[in-house]
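In order, the protein sequences belong to chains A, B and C.
According to our numbering, the first sequence is numbered sequentially starting from 273.
According to our numbering, the second sequence is numbered sequentially starting from 3.
According to our numbering, the third sequence is numbered sequentially starting from 402.
It is possible that part of the hints are untrue.
Negatives, chain B to chain A, calculated, CB over 12 Å [as the list claims (entries may be wrong)]:
| no. | residue |
| --- | --- |
| 1 | 23 |
| 2 | 38 |
| 3 | 45 |
| 4 | 46 |
| 5 | 91 |
| 6 | 100 |
| 7 | 118 |
| 8 | 129 |
Now the stretches of chain C that chain A is said to cover, found in silico as 3 or more residues with beta-carbon under 8 Å [as the list claims (entries may be wrong)]:
| no. | stretch |
| --- | --- |
| 9 | 414 to 422 |
| 10 | 495 to 502 |
Note that these hints are calculated values from the structure, not bench results.
Values in this document were obtained by computation on a predicted structure and should not be read as measured data.
All residues carry an ideal CB built from backbone N, CA and C; glycine is no exception.
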Amino acid sequence: MSAADAGGRRTYRVYRYKRGEPGWRFDVFDVPLTRTVLEGLRWIQLHIDRTLAIRHSCMHASCGTCGVQVNGREALACVTPADDLGATITVEPLANIPVLTDLVVDMREFVARFPDEIPSLRAAEQLPEAIPLEGIEAYDRFEDCIECGLCLSACPVSATSDAYVGPAALAAAQRLLEEPRGADTDRVLEWADGPFAGWRCHAAFECTAACPSDVRPAERIMALRRRLGGRGATS
Amino acid sequence: MATIRTRPEGSHRRALRAGPGRSWVATTISGVALLVLLGVHMVANHFVVRSVGGLRSYRQVLEYMRHPAILTIESLFLLVVTVHAMLGLRGVVLDLDPSHRAQRWIDVGLTVLGVLTLAYGFFLIGTLASRA
Amino acid sequence: MNGSVPGADHRAERGPVLRKGVGIPGSGWFDPRGRALGGFAFSANRVTGLGLVFYLYLHLGVLSMLLFGEPVWNDFIRLATSWAFLSLDVLLILGILYHGLNGIRVALVGSGLVADRQRALWWSLGTVGTIALIGAAVHIFGSK
Chain A
273 MSAADAGGRR TYRVYRYKRG EPGWRFDVFD VPLTRTVLEG LRWIQLHIDR TLAIRHSCMH
333 ASCGTCGVQV NGREALACVT PADDLGATIT VEPLANIPVL TDLVVDMREF VARFPDEIPS
393 LRAAEQLPEA IPLEGIEAYD RFEDCIECGL CLSACPVSAT SDAYVGPAAL AAAQRLLEEP
453 RGADTDRVLE WADGPFAGWR CHAAFECTAA CPSDVRPAER IMALRRRLGG RGATS
Chain B
3 MATIRTRPEG SHRRALRAGP GRSWVATTIS GVALLVLLGV HMVANHFVVR SVGGLRSYRQ
63 VLEYMRHPAI LTIESLFLLV VTVHAMLGLR GVVLDLDPSH RAQRWIDVGL TVLGVLTLAY
123 GFFLIGTLAS RA
Chain C
402 MNGSVPGADH RAERGPVLRK GVGIPGSGWF DPRGRALGGF AFSANRVTGL GLVFYLYLHL
462 GVLSMLLFGE PVWNDFIRLA TSWAFLSLDV LLILGILYHG LNGIRVALVG SGLVADRQRA
522 LWWSLGTVGT IALIGAAVHI FGSK
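The following block holds chain A by itself, in its conformation from the complex (with noise of 0.2 Å):
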């Protein structure tokens, strides 16, 4: 059936996975067009089955708990919108993490990927060309990744090896070379230039095809493999 033929429904096929029980599967829910795909994934919670385990938190893109697969690309639930998705819509969770339940992944093996420098807070990062509003310099903006693991399910590299650190935890480094702030960067430099670091990406731009903040990690992982050259860390 197609999009238009379905009208104001739509069939959401949800991987379902629960501790205890064998395996994984498919439900498919009935589901009236909402707005956005979490608004599906929500009714289907509070009108079909309250078993289905979703995350999210803010509904607006900004905190990035609710990174999911919709039809085979990642995406934040919260604003995709689910009236261009065709009649079928495939809710998954990210790949390249280990699933707790349902659409929710372990995150935990996501931070753990980043190194051990990474401070929690720094400055943001400041289009060059935006004209900052009077004043703006006496707030910190948090800076763009919002660490919703959508990059590293896009991955290609990612989907083959579990070691390799993935994109977001080499982005934040490069992050951390460009603004220091008291931190070792000898130590993230010699992190990097590990071989499930900065040197098993293959470019192939999917990450920065994913992410939704516009972090842009391909871009900065190639500057931090610059950055690794000039180094001589070639070694």
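Based on these hints, arrange chains B and C on the given structure of chain A.
Leaving out everything else, chains B and C in the frame of chain A:
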């Protein structure tokens, strides 16, 4: 709340002695060299000869191999393409996430394969040059 | 208390990990579904690279026929100048052009020199490659 860090499996593996950066640089440099050498090989061997599809007859091959400059270029081409091919294969195989021990065997195996390829290739070049 | 919560006994287990791919471990790079331009370019680079490795050994094998003298080689050339073989030669040149020109892109982007122009590089080098391929095809088929 205590911080829970669960490192991904395998992330503790030691860096290979060869150095990952060195492999990438070698692949890139050999690739750039190939752009020149392959270009010369294709044009000189196949595009400036009067034959169907640029495929030389036996005598045309020997005529081609007679020139010392051609011998040098073709030998260099063989060396560089073999290095680039082995490094490329290594990259593909490494993405199968082999164990550290398996990685060493892969490196040994690809080195042996590369050496054998070069040996046979140089044998071919030398034999044809001697007949020219 | 813990035993009354469904799945609590299995809390320590590592859950399933979804992988893009064709069901074989390590095939994630190959699966073009859900990929953007860069992912497709990477997959195609690998496929052409593997194809060219295969061709390297095929080529060495074919050239070995030269060792058996003029009649054997010339017989092979008669076969190799058929339309089918010439078409394969054009396919080979497609693979060479793609791998070589995308390789230039990977070298420029991967070294951090023009990382933010990867899409533009793909299209511009692709245009160059398409023109070169057409020229090569005209030359190859035109010689028959």
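Against chain A, does residue 129 (chain B) hold up as non-interface, every C-beta pair farther apart than 12 Å?
-> 38 Å, holds
Between the stretch 414 to 422 of chain C and chain A, see if three or more residues pass the 8 Å beta-carbon test, and mark the coverage as holds or violated.
-> holds (count 9)
Going by Cβ atoms, does residue 38 (chain B) stay more than 12 Å from chain A at every point?
-> Residue 38 (chain B) is indeed farther than 12 Å from all Cβ atoms of chain A, at 22 Å.
Please settle this one: residue 23 (chain B) was flagged as non-interface, so is its CB more than 12 Å from every CB on chain A?
-> 4 Å, violated
For the stretch 495 to 502 of chain C, does the count of residues with a C-beta closer than 8 Å to a C-beta of chain A reach 3?
-> Per the Cβ count (0), the hint is violated.
Residue 100 (chain B): least C-beta distance to chain A exceeds 12 Å?
-> Residue 100 (chain B) is in fact no farther than 12 Å from some Cβ atom of chain A, at 10 Å.
Is the Cβ of residue 45 (chain B) farther than 12 Å from every Cβ of chain A?
-> 29 Å, holds
Non-interface label on residue 118 (chain B), tested against every C-beta of chain A at 12 Å = 26 Å, holds
Can we confirm that no CB of chain A comes within 12 Å of the CB of residue 46 (chain B)?
-> At about 32 Å from chain A, residue 46 (chain B) clears the 12 Å cut-off, so the statement holds.
Does residue 91 (chain B) really sit off the interface, with its C-beta more than 12 Å from all C-beta atoms of chain A?
-> Non-interface label on residue 91 (chain B) holds, nearest chain A Cβ at 14 Å vs cutoff 12 Å.
Comparing the model with each numbered hint stated earlier shows that hints 1, 6 and 10 do not hold.
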